[in-house]
Amino acid sequence: MKEGYEVVYKRPKTLLDKRMHYCPGCFHATIHKLLMEIVEEMGIQEKTVGVCPVGCSVFAYDYMDIDMQEAAHGRAAAVATAIKRMLPDRYVFSYQGDGDLAAIGTAETIHACNRGEKFTFIFINNGIYGMTGGQMAPTTLEGQKTTTSPYGRNVQKLGMPLKMAEMVSQLAGVAYAERVSCNTPANTRKAKKALKKAFEIQGKGLGTTFIEVASNCPSGWKCTPVESLDWLKNKVYPYFPLGVFKDVPAVKEEV
Amino acid sequence: MKEGYEVVYKRPKTLLDKRMHYCPGCFHATIHKLLMEIVEEMGIQEKTVGVCPVGCSVFAYDYMDIDMQEAAHGRAAAVATAIKRMLPDRYVFSYQGDGDLAAIGTAETIHACNRGEKFTFIFINNGIYGMTGGQMAPTTLEGQKTTTSPYGRNVQKLGMPLKMAEMVSQLAGVAYAERVSCNTPANTRKAKKALKKAFEIQGKGLGTTFIEVASNCPSGWKCTPVESLDWLKNKVYPYFPLGVFKDVPAVKEEV
Amino acid sequence: MPAKGYVEISMEGCKGCGLCVIHCPSKCLELNTSDTNSYGLHYSYLAKEDVCIACANCAIMCPDAAITVYKKVG
Amino acid sequence: MPAKGYVEISMEGCKGCGLCVIHCPSKCLELNTSDTNSYGLHYSYLAKEDVCIACANCAIMCPDAAITVYKKVG
Amino acid sequence: MLVEMIFSGFGGQGVLSMGKLLAYAAMKEGKEVSWMPSYGPEMRGGTANCIVNISDEPISSPVVTAYDVVVALNLPSLRKFEPRVKKGGILIWESSTIKQPPTRDDIKTYAVPAVDMASNDLKNVKVMNMLILGALVKAMAVVKTDSLLLALKETLPPRHHNLIPLNQQAIELGMAQVK
Amino acid sequence: MLVEMIFSGFGGQGVLSMGKLLAYAAMKEGKEVSWMPSYGPEMRGGTANCIVNISDEPISSPVVTAYDVVVALNLPSLRKFEPRVKKGGILIWESSTIKQPPTRDDIKTYAVPAVDMASNDLKNVKVMNMLILGALVKAMAVVKTDSLLLALKETLPPRHHNLIPLNQQAIELGMAQVK
Amino acid sequence: MGEIKFMKGNEALAEAAIRSGLQGYFGYPITPQSEVVEYLAMQEPNHNYVLIQAESEVASVNMVYGAAAAGARVMTTTSSPGFSLMQEGVSYIACAELPCVFANIVRGGPGLGTIQASQGDYFQAVKGGGHGDYHLIVLAPNSVQEMVDHCRLAFELADKYRNPVMLLSDGSIGQMMEKVVLPEPIPYKPDKPWATTGKTPDRKRNIITSLYIQSEDMEKKNQTIQAKYQEITKNEIRYEKYRVDDAEIIISAFGLTSRICKKVVDLAREEGIKMGLFRPITVWPFPTDQFAEFAAQDRVKFFLSAEMNAGQMVEDIRLSVNGKKPVYFYGRQGGIVPTPEEILNAAKGHLK
Amino acid sequence: MGEIKFMKGNEALAEAAIRSGLQGYFGYPITPQSEVVEYLAMQEPNHNYVLIQAESEVASVNMVYGAAAAGARVMTTTSSPGFSLMQEGVSYIACAELPCVFANIVRGGPGLGTIQASQGDYFQAVKGGGHGDYHLIVLAPNSVQEMVDHCRLAFELADKYRNPVMLLSDGSIGQMMEKVVLPEPIPYKPDKPWATTGKTPDRKRNIITSLYIQSEDMEKKNQTIQAKYQEITKNEIRYEKYRVDDAEIIISAFGLTSRICKKVVDLAREEGIKMGLFRPITVWPFPTDQFAEFAAQDRVKFFLSAEMNAGQMVEDIRLSVNGKKPVYFYGRQGGIVPTPEEILNAAKGHLK
Ligand SMILES: Cc1ncc(C[n+]2csc(CCOP(=O)(O)OP(=O)(O)O)c2C)c(N)n1
Ligand SMILES: Cc1ncc(C[n+]2csc(CCOP(=O)(O)OP(=O)(O)O)c2C)c(N)n1
Ligand code: SF4
Ligand code: SF4
Ligand code: SF4
Ligand code: SF4
Ligand code: SF4
Ligand code: SF4
Ligand SMILES: [Mg+2]
Ligand SMILES: [Mg+2]
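Protein chains in written order, with this note's numbering: chain A, 93 to 347; chain B, 93 to 347; chain C, 345 to 418; chain D, 345 to 418; chain E, 68 to 246; chain F, 68 to 246; chain G, 20 to 371; chain H, 20 to 371.
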């Protein structure tokens, strides 16, 4: 600590002092950090319960100093639903990958959103199955190569990438849905703001909150972390635009 | 047969000469009849394979003189996907209830539609679980009483009824989506036309075709068949409007 | 004037739902409330034969395909 | 002129992704390509101490929260 | 003693509730009872039935296939269950709607025109099932009439208690049918 | 004879492929072989390893926990696997990046500064693993050098065959490290 | 003494759950089980439990997982195909050691099968239909009264051992009405310091997981739960004996069939055949030693297992008897309930 | 003689399926199995099979159901949690008597467990993890070569008996590379007059169902498939013997462990202990009679089952031996592969 200087940014304490297993440059880690900053800032460590299903983030409970449940693949929304219903004054979030939330867990996702379950979805859309070694996800882009689409995703045969934030926005139970990213400091700050807003709306019990992160996977995409930011900008955002898709509280305020 | 008269309507031959188990006035029977009329008119009995999961229509294969598969609850879309992929020149349809297609089978429905599987969904939305004795379905209307919503569906707790035709229309793989009903001769004729159009589009391989029937369930609704028509008109259509939600071939022709 | 149309309704096939009855433009169908078929159901029958116009509305509405519709030739 | 800002980077915590490096407006960070930490990774370090403006962009971008940012008091 | 019975007919004829009432009455008399309905898609076909066992000792199986008493309120049920009456057993059938009477002569059969009597004499076809029940307890004293009335009182929601006299009448009328 | 080996290091150092090449070469010599990689999220941490067994007889278990030969290309691997070398076994370690040498004296250890030599002498750090492999076959003649070269030829896609001479050089350089 | 009612098995189960302090129920309709959720829906305004008709059985079981981990007293019920769908979740719950109650109101399988009663899911219940080595405590009620009694017991055992407990019932018991004595409602205050309710400053964070990526850790976890299973086996075996003291033939059955077999015993005794009934009430843990004891007695000639399946519990009896005496099987399938007479005949067939 | 390759177990399985005339594959990624679908994706342009990475294992198994019913030669593969999710579908397929191949590349459970190899799903595979009485034919390969050989055999048996066949493999075999001899590709022309391919005028409509709502019909269906199972048991039991002729100790193991046990036998023999290995290759049908034969020989002192679980196949051995000789168990869990030495020690411990 240098004399005459004060700290303007430091690692949040709720992010345990443990090296995360994520690959270099992976936004999974970024989002973990932002989440723990929010928990700290909102002072809700005692009231927060997280749910992490399988996916690269299955070990999230090793890093966050909060109560957590691991969930079976695709079932985080069902698990979070039950926790939130049993403990309605807690802050509950599910933290899910695109394989988890948009493939095997589609039914649980749609129905939790439709029921308006009052927890926060944190949806890490990296367009690939990171954990299992880079297979195609429902959000893999047209032409994108993965281990199970080695010649590029053929949308004639496999369909177009699913836009989950847009889809759940159509459901009455969803209060807030936004797609964010972390490719620049500005976007990362926005991502944090969105996450915080989701938690605040959750606190008011206004409905389901859904934050989709247009995330990266340098390992699965077979590129460097820095290159992954270019891929995001050039390929991902054009198809998965960042922005707010639904904001019921804001609309209500306007009226 | 009266002398000097000719037949202008008779039971299609592909509808086997067997009393159907459906309750009086149930549209399940109506749709069976229309379907078999179409199979007969199109001359595709040899090329048609149907899939009926559980629900009141699980015995459909007892009545239709075509090759059929029974499917597990919710899985008709997966089953139909595989049949159509293995036998791409056949006409394949799945015939599913709202419990089946919109609750337990949500993931299979969304993903088959998204992949643009080239079979026809026939979705009998009667707002209830008929077969199991009248429990709430994902499409049960606000305030509607069922055995598991005995005080009326509370949408605060359980969410709004799911609009499946609208939802799947958002998916790129869907070529044609329409909601029809059978409450009047005119609507029944429209329903038949829609079903036929779906089969024709399927024959051309243009994408997924999805016909939702705003159906009735006099037994589950605890009313007479005639009263069920009023319920449809007064309660169901206002929330589930009849009409075409997507018609890619028509749009293509226009352009 | 002999009727333009004529319908045959399978008594055992009919379930007495009444959908044909209410949609007949000529009001020629009725449910037989004094008798039941072997399933205990009041079946529909052509009560006013002379006004049937062979429009087939009844048959289209009949879920159980219990109705055959005939039209006068020529 | 003494720098307005100053950063501390955990050598072992850094994974060498380079996201901080490319987002530093003052270009004061670099990856140490001649050395690795115990994980075999080239870590980031404050190469040009005097131009750091304490904007914290680097820290915000760092997935692994390996960076602490300091600002001159007053 | 164990009495094994089945009540069968169309849905809506009140076969399930008459079985339930009888079982309840027997329970009130301190008997062991079981009531087992047909369930699921079977009912879609429009028929319904329930098996009722009444016994002094614990009941082994709630499901049986040969009966001491068969109550048949429609023809399909009569056809189906007449062969399953035990030799010397009892068959009670609704004779105003069933036109083809039973044929066995090794059992006791009772024709009760319950539908007609309920509509004509009591002006309420719904109590037809109580008429049948009356006939049954007369034909075989499985429970006392008083127990049936007690059962009605305890199982009918209070707002329907005004119907008890009518039901009682029906039971008595039914009893009178069995000589 | 059965030789049980593990190749370990950071992902990207080519540990899996060096193991595979050795196993393939041995197979070509008519040996029984098995190659078993670490898999799944373990690899997320940035480390990788594979177990290679070479034997004259069918191999029982592809997974073993004590080794005749350990190849460690980074410090965590050295720390983890040094204790698992069998007494009298062989440990080969990359000595230009690992600063803390092994400590056991009941095994044979070989320090190979493969990273430096590959970058400096061969101008291609990627063939570092071939250098190590060269050292290994010199330290213990599990396969002939020719078999390694044959294996390279048969497993490299033809468009990379131009790299074979470089790989051969690396193997030879590695062999020269072991006296 | 408690309230006396005339109730359906499924409804009695639901009422018993309420009276045992039910806090969360998550389920999906399926015949012949749907009355459980229907009853709970009807009673919902009078109580405080959370009730969700889930979108599927997969969702149900995972809701149970979440709610149980959050410390609540929870239950789900289903019938055969639905329980098959739950197998992944069941395995997770067993490994995460979460207390909860399942009921399988078994119907005839395999496949869609029939909705009539069956005992075809015995193996699934006791050997583990899900992946990996785990056990549920499995109670096999044979009456509406036991649906009530076993429900309360199930919740208690679940909490005591942090282990899921299953009621292996069937469609007949679920659908039939019988007299029941209902227990007094108990107030339920969970004492679950391990539950994920939010990390307070006085404790370390709580984590519920079934993931042990390192083999050594996973083996340790396996050993822990295996040790627990031995403890349960030592403490919790339950069974019923009927006229076995001088019996030369031991007939055995669980659930509904055990009632029929009581009658078989009586019929046999009337004919002078010395028969007795041994009925496992816990089918896991299985009363192995008790069978072995019978087998060790010279008097006992053979065993007969009567089941509504193709022969499942008979394997556990054979394992217990271990060749000391013959063990025969008689079964019906597809929803057919065997009559006392046919079982007796089967037994007599082995009397040579 | 076929082509010789150095291949991963999972890839060899995929290649063998292609060479056996695979027409449809439906699967979902899961470690340690994902290479199967990855390999098939890579080879897709060179062949004619339909390949879908499904949205889940539930979808996969139901796609298999649909494609098999339509007459195609089809397969799905997964690992433990995924196979648990398939249980409903498996039960349906068994009852509908559809030929198809499953492979479970087993990992350590229960729950999410570990991704390392295990044999913890034996019970699920052989007793039926789904509801109702049914059986899969279960082959337990112990090498990459057998992944290939058993794959071809599995397709043949499936068609022959209209029964699903399962490869009960594990993560080690799936992940390891060994030498394999690949068989010649065969052209496959299905001859399945029962398949739902569209009703032609020359036949009645074909219906694939597992629904038999009337108990009598369901019982008949049950009896039909039970009769088939007996037929399979009569014809298809497969096993391997190693140095058993004079053996006093019979050690038994399936899959990967059987290789380790060969070494155990050799080590034992070196010490003068007369040990032999009996390895079930089909674990269902189980070689019951063969075990019984050993048990009947005076020479044989005891049996030891070595497994990577808490003791599962040992039950089937006990059922076979039926108390004639002691049957012991030695196991490791959580992904730990036992060493020959520790198994030998376990055996010696029983030598008194
Ligand atoms: C039932 C089941 N099926 C499959 C898997 C294997 N699996 C683990 S994580 C995962 C998907 C990972 O992708 P995603 O959800 O996008 O998360 P990411 O790793 O990309 O962050 C899969 C298929 C599993 N654990 N359980
Ligand atoms: C796995 C599984 N869960 C539940 C059931 C029970 N079940 C059969 S049909 C059905 C729903 C029927 O409703 P719907 O799909 O709307 O069809 P309907 O009868 O209304 O036409 C249910 C829940 C089942 N057969 N399988
Ligand atoms: S595999 Fe991809 S998603 Fe997973 S940690 Fe690595 S970069 Fe992140
Ligand atoms: S229960 Fe409802 S949906 Fe089913 S047949 Fe009857 S009316 Fe039709
Ligand atoms: S054909 Fe038309 S007019 Fe004639 S009975 Fe039918 S509906 Fe009436
Ligand atoms: S519509 Fe058909 S079933 Fe209904 S009353 Fe008319 S004829 Fe009968
Ligand atoms: S605080 Fe700002 S200026 Fe200083 S090193 Fe970080 S990014 Fe650069
Ligand atoms: S962003 Fe963090 S991990 Fe990446 S190079 Fe900079 S300090 Fe290292
Ligand atoms: Mg992902
Ligand atoms: Mg419905």
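Keep in mind the hints are simulated off the structure, nothing from the lab. Even glycine gets a Cβ: it sits at the ideal position worked out from N, Cα and C. Treat the hints with care, as some may be off.
Stated by the list, open to error - List of simulated lysine-lysine pairs, DSS-like, C-alpha gap at most 25 angstroms:
(1) A:K105 / D:K415
(2) B:K285 / C:K392
(3) C:K415 / B:K249
(4) H:K320 / G:K343
(5) D:K348 / A:K102
To be verified - Residues from chain G that face chain H, not an exhaustive set, calculated with beta carbons under 10 angstroms:
(6) T228
(7) E238
(8) G354
(9) T358
Right, here's what the structure says about each hint:
Only pairs whose Cα atoms come within 25 angstroms are accepted, and K105 of chain A paired with K415 of chain D is accepted, the gap being roughly 20 angstroms. Among the hinted pairs, K285 of chain B with K392 of chain C is inconsistent with the structure: their alpha-carbon atoms are about 31 angstroms apart, more than 25 angstroms. Simply put, K415 of chain C and K249 of chain B have alpha-carbon atoms about 55 angstroms apart, too far for the 25 angstroms limit, and the pair is violated. Restraint check for K320 of chain H and K343 of chain G: satisfied, since their Cα atoms lie roughly 18 angstroms apart, inside the 25 angstroms limit.
Proximity of K348 of chain D to K102 of chain A is assessed by CA-CA distance (about 17 angstroms); at most 25 angstroms being required, the pair is judged to hold. Interface restraint check: T228 of chain G against chain H, minimum CB-CB distance 7 angstroms, threshold 10 angstroms, status holds. Satisfaction of the interface hint for E238 of chain G is found here, the shortest Cβ-Cβ separation to chain H being roughly 3 angstroms, below the 10 angstroms cut-off. Annotation: G354 of chain G was flagged as interfacial toward chain H, and the flag holds, the nearest CB pair being 4 angstroms apart, inside 10 angstroms.
A least Cβ separation of about 13 angstroms between T358 of chain G and chain H goes past the 10 angstroms threshold, and the interface hint is therefore violated.
Checked against the numbered hints given earlier, this structure breaks hints 2, 3 and 9; the rest are met.
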